[in-house]
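Model the full structure from these sequences, guided by the hints.
Next come the chains, spelled out residue by residue.
Protein chains: 2
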Amino acid sequence: MSESPAGLQCPPSPSHYDCIVMAHGGGGRLMQQLLDDIIRPAFANEWLDQRHDSVVLPVTQRCAFTTDSYVIHPLIFPGGDIGKLAVCGTLNDLAMAGARPAYLSVGFILEEGLPLATLRQIVHSMAVTAHQAGVSIVTGDIKVVEWGKADGLYINTSGIGLLETERWLHPGSLRPGDAILLNGDVGRHGIAVMAKRNQLAFEPPLESDCADLSGLIHSLLTQGMPIHCLRDLTRGGLATALIELAGESGLAMELEEATIPVSAAVEGACELLGLDPLFVANEGRFVLCLPEAHADDCLARMRAHPLGANACRIGRIVATPDRRVLLQTRLGTARRLLLPSGEQLPRIC
Amino acid sequence: MSESPAGLQCPPSPSHYDCIVMAHGGGGRLMQQLLDDIIRPAFANEWLDQRHDSVVLPVTQRCAFTTDSYVIHPLIFPGGDIGKLAVCGTLNDLAMAGARPAYLSVGFILEEGLPLATLRQIVHSMAVTAHQAGVSIVTGDIKVVEWGKADGLYINTSGIGLLETERWLHPGSLRPGDAILLNGDVGRHGIAVMAKRNQLAFEPPLESDCADLSGLIHSLLTQGMPIHCLRDLTRGGLATALIELAGESGLAMELEEATIPVSAAVEGACELLGLDPLFVANEGRFVLCLPEAHADDCLARMRAHPLGANACRIGRIVATPDRRVLLQTRLGTARRLLLPSGEQLPRIC
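Chains as they are written, first to last, in the working numbering: chain A, 47 to 395; chain B, 47 to 395.
Some hints here could point you the wrong way.
Over the 12 Å line for every Cβ pair with chain B, so calculated as not near, a few chain A residues [said to hold, decoys possible]: (1) Gly125; (2) Gln245; (3) Glu253; (4) Ser309; (5) Glu313; (6) Ala380; (7) Arg382.
Mimicking DMTMM-like on lysine to aspartate or glutamate, the simulated pairs with C-alpha atoms at most 25 Å apart in a straight line are [said to hold, decoys possible]: (8) A:Lys242 x A:Glu317; (9) A:Lys242 x B:Glu192; (10) A:Lys242 x A:Asp322; (11) B:Lys242 x B:Asp322; (12) B:Lys242 x A:Glu192; (13) B:Lys242 x B:Glu253.
Derived by calculation from the structure, the hints in this document are not laboratory data.
Positions of the beta carbon are idealized from the N, C-alpha and C atoms, including for glycine.
Listed below in C-alpha cells is the structure:
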C-alpha cells in the first residue's frame with residue numbers, strides 16, 4: 047500500500063473492482079459500469095433515464111441558475127461530507143434568490159485510486175440530501191484524473207430553481223431601516239472541518255452546520271414575509287457576506303456583536319487559533335433582510351423551524367456612510383469590518 | 047523556479063501579481079480582484095451583473111440542461127485550449143438535444159501557481175467562443191487548490207438551452223431505415239492532443255476539430271430537417287457514440303468503413319501508435335440520424351456550412367440483431383464494434 051498526497055490509500059495497481067482507475071473516465075465499459083452500479087441507482091429519476099447529452103426539462107417560468115465546485119479536504123467531516131455539502135450548497139444558492147430548487151446537475155472529477163466504497167458513500171449522501179429537498183439530480187458527468195490530483199474527488203453541482211413569486215430578492219432591493227436577521231450561531235463549519243483536518247478533538251464534538259436551507263426559506267416566502275434580500279454565509283463567514291451585500295447595495299450596516307451567537311466550542315477554538323468567528327465559514331447559515339416592522343414576526347416564524355431555532359436580530363441597514371459595515375463591539379467600541387485578502391482556513395468548502 | 051507535477055512553472059513563493067495563490071480562492075479581496083480584473087470584464091453581460099448567489103433568467107419554455115467538467119492535459123493544444131473546449135463541449139451537448147444554447151455557468155478549479163497570463167488567455171478564449179455562439183456566461187464560481195493538483199485548472203461548464211420545436215431529439219426516436227450522417231473526418235482532437243502531449247510533430251500540423259456545432263444544428267432544424275437523433279462524438283470517438291445509441295434505442299447499425307473519412311495524418315498516427323481512429327476522441331463531430339428519404343437533402347444542407355463541408359453518409363439503422371453495431375470493412379469482412387473498457391488516450395477532453 048502506498049499513500050497519495052491526498053492521503054488516499056490504494057494498492058500500487060488500483061483495481062476497478064475496488065478503486066477508481068483511469069479507464070473509469072474513458073467513456074467505455076468501465077464508465078458504464080460505474081454509472082449503472084453506483085450513480086444511476088442512487089439518483090434514479092425519469093430525467094436521468096433520458097440518457098442523452100442534455101436533459102429536457104419542463105421549465106415554463108422564470109428560473110434561477112447557479113453553479114459551485116467543491117474541493118473540501120477532508121472529504122468526510124463531522125456533520126457532513128463533500129456530497130451533502132455539494133447538494134446543500136447549490137440548494138442554498140438557489141433558495142437565496144427566492145427560488146424553489148428543482149433540478150441539479152453533478153460533475154465528478156475522480157482521482158485514480160479513490161475507493162469505490164468512498165464514492166458510494168458520497169453519492170448516497172448526495173442522493174439522500176437531494177431526496178429530502180425534493181429535487182432531482184437530472185444530468186451529470188464523470189472525469190478521472192491521475193493519482194495525486196483532486197484530493198479523492200472534486201464535485202461541481204449546478205442547479206435550476208423555479209421562481210414562484212414576482213418578488214426579486216437581491217442586494218439592490220435592500221433599504222435603509224431593514225432589520226438584519228441571522229438563523230443561528232456562526233463558525234461551526236469552518237472550525238469542524240479544520241478540527242478534523244488537524245485531528246483536534248472537541249468535547250462535545252463540534253459538527254458542521256451544513257444544511258439545506260431551502261425548506262425554511264420557502265416556508266417564510268409562502269407565509270408572505272416581505273423579504274428584501276437573503277445571503278447564505280459560506281467562505282469568509284458572516285462578515286464577508288455582509289461586506290459584499292453592503293458593497294453591492296451601496297448601503298451601510300450596523301451590527302451589535304453581543305447579538306451574534308457563537309457557540310462556546312467555536313469561541314474557544316477561535317481564541318486558541320487566533321481566528322475571528324465572524325470570518326469563519328458556515329454552510330447552513332444565512333442573513334435575511336426585511337423591513338423592521340416585520341422583523342419580530344419573521345423571527346418568530348424562523349424560530350418555529352429547526353434550522354432557525356436560534357434565529358436572532360443582529361443589526362440593521364443604514365444609508366451612510368455607504369458600503370460600510372460597522373460592528374458595535376462588546377467593549378462598546380466600534381470596529382469597521384473589512385474584507386480580508388483571502389480565507390483564514392482554505393479548502394473548507 | 048520549480049516545476050509542479052502538472053508542469054506549471056512558478057516561483058517558490060507565487061505572487062498574487064502574476065500567479066494564482068491560495069487566497070484567490072478565499073472569498074476575500076484577492077478573489078474580488080480576480081473577478082474584477084479578469085473574469086467580469088471578459089464575460090460582461092447583464093446577467094453576470096446581478097452579482098447574487100444565483101442568477102435569475104427569463105426562461106419560459108421547455109429547456110435543455112447539461113454539465114461537463116474538463117480536465118485536459120495539456121491546457122493549450124493545436125486548434126484550441128481548455129477554455130474553448132469547455133464552452134464548445136457544453137454548447138454541443140445542448141445542440142444535440144435540439145436546443146438553442148442560451149446561458150452557461152462556469153466553475154473554475156485553479157491550481158496555486160497557475161500564471162495569471164494563462165488564466166487570462168483561457169478566459170478570453172471562453173469569452174470569444176461564447177460571444178460567437180451568441181450565449182452568455184451568466185454565473186460562476188472559483189475554487190483554488192494547492193500546487194501540484196488540478197493540472198493548472200479544471201473547468202466545469204453547465205448550460206441551459208431553449209427548445210424551439212416540439213420535436214424531441216433523442217435515442218428513442220431512432221427508427222429502422224434511418225440514414226446515419228457524419229459531418230467530417232474523425233479522430234483529429236485525440237491525435238492533436240496526444241501529439242502535443244508527447245511532443246510529436248506532424249507536417250502539416252494536425253489541429254483539433256474542437257468547434258461549436260450549435261449554429262449548424264440550428265440551421266438544419268430551422269430548415270425543417272426531420273432529424274430523429276443527434277450525438278456528438280467525444281470520448282471514445284465515433285464507435286462509442288454509435289454503440290451507445292444502439293444500446294439506448296434497442297436498434298442495430300450497419301456502417302461502411304470506406305465511407306468514414308479519416309485524414310492521412312490521423313490515419314498515419316493511428317497506424318504508428320496502434321490506435322483505432324474510430325475510437326479516438328473528437329470535439330467538433332456529430333452523427334445525425336433521419337429518414338433515408340431526406341438524407342441527400344440533409345447532406346447537401348450540411349455541406350453548405352463550414353463545419354459540415356465534408357459531411358457524408360456512413361451507414362443506416364436496422365432493426366436486428368438489436369443493439370449491435372456492425373462495420374463492413376474495406377476488406378469486405380464484417381466487424382462488430384464493441385465498447386472498450388476505457389479510453390485509448392485518457393485526459394483528452
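Here's how the hints hold up against the structure:
The non-interface label for glycine 125 of chain A is consistent with chain B: the shortest C-beta to C-beta separation is roughly 20 Å, beyond 12 Å. Look at glutamine 245 of chain A: its CB is around 19 Å from the nearest CB on chain B, clear of 12 Å, so calling it non-interface holds up. In this structure glutamate 253 of chain A is separated from chain B by more than 12 Å, as the shortest Cβ-Cβ distance comes to about 22 Å. The Cβ of serine 309 of chain A sits about 22 Å from the closest Cβ of chain B, beyond the 12 Å cut-off, so the non-interface label holds.
Its beta-carbon lying about 22 Å from the closest one in chain B, glutamate 313 of chain A satisfies the requirement of being farther than 12 Å from that chain. For alanine 380 of chain A, the shortest C-beta to C-beta distance to chain B comes to about 22 Å, beyond the 12 Å cut-off, and the non-interface label holds. Listed as a non-interface residue, arginine 382 of chain A keeps its Cβ farther than 12 Å from every Cβ of chain B; the least gap is roughly 14 Å. Among the hinted pairs, lysine 242 of chain A with glutamate 317 of chain A is consistent with the structure: their alpha-carbon atoms are about 18 Å apart, no more than 25 Å.
Between the alpha carbons of lysine 242 of chain A and glutamate 192 of chain B the distance comes to roughly 19 Å, so the proposed pair stays at or under 25 Å and holds. Restraint check for lysine 242 of chain A and aspartate 322 of chain A: satisfied, since their Cα atoms lie roughly 19 Å apart, inside the 25 Å limit. For the proposed pair lysine 242 of chain B and aspartate 322 of chain B, the alpha carbon gap of about 19 Å is at most 25 Å, so the pair holds. The suggested pairing of lysine 242 of chain B with glutamate 192 of chain A holds, with an alpha-carbon distance near 19 Å, which does not exceed 25 Å.
Proximity of lysine 242 of chain B to glutamate 253 of chain B is assessed by CA-CA distance (about 10 Å); at most 25 Å being required, the pair is judged to hold.
Violated hints for the displayed structure: none, as all numbered hints are satisfied.
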